[in-house]
Amino acid sequence: MRLLVRLYPAAWRARYEDEFLAVLEERPLSPFDAVDILLGALDARLRPRSLAIDLAPRRNPPMNPRIAGYAAVAGGGLTLLMMLLGFVLPQPTNGVAVFLYPFAAVALLIAVVGLGAVQGRRNPVLGWAAVVVPAAGLLVSLVGVLGGVIGAGDEPMVAGLNSWALWSLGLSGFAIGSILFAVATIGVGVLSRGGALTLLIGSLIVGGIFLPTVIGLINPDGVPVMQMAIVAGVVLFCAGWMWLGYAATVQRPIASSAAA
Amino acid sequence: MASGLNDLGRFAEPAVLILVALANGPKHGYAIMTDVEAMTGSPIGPGTLYAALGRLERRGLIAPLPADDRRRPYELTGAGATTLEEQLRELERFARTGLTRLASSG
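Protein chains in written order, with our numbering: chain A, 1 to 260; chain B, 261 to 366.
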């Protein structure tokens, strides 16, 4: 079925492929349909000016979603590396893990804003809420980490909160924001729903188990199931962002119905 | 055929059927196919459907609406409704002429 559709010009497919495949999937393809599609593809190639779209060469995805996609892959990867090092290293808040966090946070900030802009066009309220909350969380956590790096220690930095509290608060905001982002992505359907579902599960675990552990509300010591859940949650959380990022880098341009 | 559809060649008839299918509200591709089949008893192929949709869209006789999941509905425009009405009036006159001739010969 997809092979037949690939006979159409690239610009035609950019505009119609999704809806055309949806039509074809509604019923079994008959020989009559196959011949009809062949003739339709021939027509689209021979009479491009008769169609509603200009058959210009297929363009790459818009730059912003691509940059945001790469940023999401980098941010998710760096966060995963940081967290894994945190599990392995005796003092995860020092050294390599702390050094990686600002890079991971900036990359994820670019990803949230860039990928959110794509969704915001479709569902402004949820789309933009899903950008503002995680972006604010990342910024607050970044301030907390940088405060720790410059030696602020336990001294209050902002609103009476020290660097550790700011980092925890910011990361909590980012986890909650990631839940919103995943829900918005599943609803809007512009980005990968598989990636969004992975991010949603990971965010729920990170927000529900990992962060309470970090701030001391839960003690997973001696509870292997909880430890495994934390590792799984962190991995899913990071994998979700990386998946969404990868999907954005290979995504076709969104067909503009306004061209009609 | 009405003047607005004269140059559509083999897609003129499918175009009219699509316009009629959209006359009572927006429909996506598969809904148009099933509606046409219900009206005429003959299926319209997916290649023909989208070739005709593209031509109607380019002429401003139909307009795409935001996609619902992957299915994109189309709606009749004002120009499309006018063209369809002209088309159906011509067919009506043609049918009346034919019936009158049949009656007078009998």
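Hints in this document: simulated from the structure, not taken from any laboratory. The beta-carbon is built from N, C-alpha and C at its ideal position, and this holds for glycine as well. Hints may be right or wrong, so weigh each one.
[Unchecked claim] Residues of chain B placed beyond 12 Å of chain A at every Cβ, according to the derived structure:
1) Thr300
2) Gly338
3) Ala341
4) Leu348
5) Arg353
6) Phe354
7) Ala355
8) Leu359
9) Thr360
10) Ala363
[As the list claims (entries may be wrong)] Covered, in the sense of this in silico footprint (three residues per stretch, anywhere, with C-beta under 8 Å from a C-beta of chain A), are these stretches of chain B:
11) 272-278
12) 286-292
13) 326-332
Hints versus structure:
no. : hint    : result
1   : Thr300  : holds, 15 Å
2   : Gly338  : holds, 15 Å
3   : Ala341  : holds, 17 Å
4   : Leu348  : holds, 24 Å
5   : Arg353  : holds, 29 Å
6   : Phe354  : holds, 26 Å
7   : Ala355  : holds, 29 Å
8   : Leu359  : holds, 33 Å
9   : Thr360  : holds, 37 Å
10  : Ala363  : holds, 38 Å
11  : 272-278 : violated (count 0)
12  : 286-292 : holds (count 3)
13  : 326-332 : holds (count 6)
Hint violations for this structure: number 11 only, all remaining hints satisfied.
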